[in-house]
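With the hints as extra help, turn the sequences into a complete structure.
Keeping their order, the protein sequence lines are chains S and Y. If you're matching positions, the first sequence starts at 635 in our numbering and goes up one per residue. If you're matching positions, the second sequence starts at 635 in our numbering and goes up one per residue.
Heads up, a few of these hints could be off.
Remember, identical chains collapse to one label, so a pair may be satisfied in a single copy or spanning two.
[Claimed, not checked] Computed cross-link-like contacts, DSSO-like style, restricted to lysine-lysine with a CA-CA straight-line distance of at most 27 Å:
#1 K727 to K835
#2 K636 to K757
#3 K762 to K826
#4 K779 to K841
#5 K647 to K674
Source of the hints: derived by calculation from the structure; they are not laboratory data.
2 protein chains.
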Amino acid sequence: MKIVNENILALEKHYRTNLVNSLIGFKSANLIGTISKEGKTNLAIFSSVIHVGANPPLMGFLMRPVSVERHTYSNIKETGCFTINHINKEIYKQAHQTSGRYDKNVSEFDACGLTPEYTETIKAPYVKESTIKIGLRFVEGQEIKSNGTIFIVGEIVEIILSDDVIAKDGYVDIERAGTIAISGLDSYHETKSIARLSYAKPGVEPKEI
Amino acid sequence: MKIVNENILALEKHYRTNLVNSLIGFKSANLIGTISKEGKTNLAIFSSVIHVGANPPLMGFLMRPVSVERHTYSNIKETGCFTINHINKEIYKQAHQTSGRYDKNVSEFDACGLTPEYTETIKAPYVKESTIKIGLRFVEGQEIKSNGTIFIVGEIVEIILSDDVIAKDGYVDIERAGTIAISGLDSYHETKSIARLSYAKPGVEPKEI
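What follows is the structure, given as structure tokens:
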């Protein structure tokens, strides 16, 4: 079937939101941890984290202009720091629950049953139950004019993960680490490796590595 | 183990690229199709497509400043259009191969064994072998100052997919459609559904739906 723009705009709101959110493909499943200057922690699920660059090491994510996620943004502005924590199968229900509209004075760590954990490097809480954790310092926010969302970019200052998931070439076996994927707004998926492929060169068939 | 920023910067280039690209979690696997004003088609794999908004329906992706992907950008600037095509298990090797550094006068459709397909709505080629295809018009490009990458945003003008993968509430079962996920630079994964969870509300345990 074909659906054209006018028909998308005419769809019932929840139907349209489910539909458009599904069209990206599989999305990363992360919890972003922050703390306010008064020391109140915040934790929110994000499926829009993407790679921005390796040198300097940058990650980015998109934030809606008005939503519960504002707590994340105001904390990042206050402290200049945030953490990205991979979601695994053991904590996906707790992770999903962080998307509830909790008051600013409620910590999603407490409300959803996850444990804050700190290092000396960064002023933001990690999620203890996560197996891959990244600490970042805020570097820029670019507003997307079309709808007022903000693309937030952070530089990696710390990576915490188990030695045995890093391959000799630096690739991290996130499947082995238990990381899961999201589709749409609310669907969670585990993965099964198909293959890693060799660097693509014109005229040379890619090989499994 | 912990890796801190100074140590990331000191890593061998390929090791660092593999490592940092793995830290996002699972990534969407899409082919972006474009055509130049002279009618030359271009096809490139992207793992950075994210949801920007549902009303208006917007999708975005990050483009490196200097790379083979420039062909995609110059074509988008020329025609104002591009397509996003989900990658499935049947075409992942061809999709990977589009990342080779082909000359501008070589179409990755021909070189990699994929078939261009057109509709009357949009001046850009779809990938016939893809099961979920989205046509978009360019709306804005925001430069990420930290490294000169550009976040490109498009508005959906057309969606082409099979009726039987859309649930009653608009959710698209992309796993059933055969869509796969990427991790790192070169690892491909199929998925297995864990669950869909109900809309999160404070104090209410999320239920499988």
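Evaluated hints:
1. K727 to K835: Between copies, since 12 Å is at most 27 Å while 42 Å is not.
2. K636 to K757: between (48 Å within a copy, 16 Å between copies)
3. K762 to K826: both (25 Å within a copy, 25 Å between copies)
4. K779 to K841: Classified as neither: same-chain Cα gap 42 Å, cross-chain 36 Å, threshold 27 Å.
5. K647 to K674: neither (34 Å within a copy, 38 Å between copies)
Going through the hint list in order, the structure does not satisfy hints 4 and 5.
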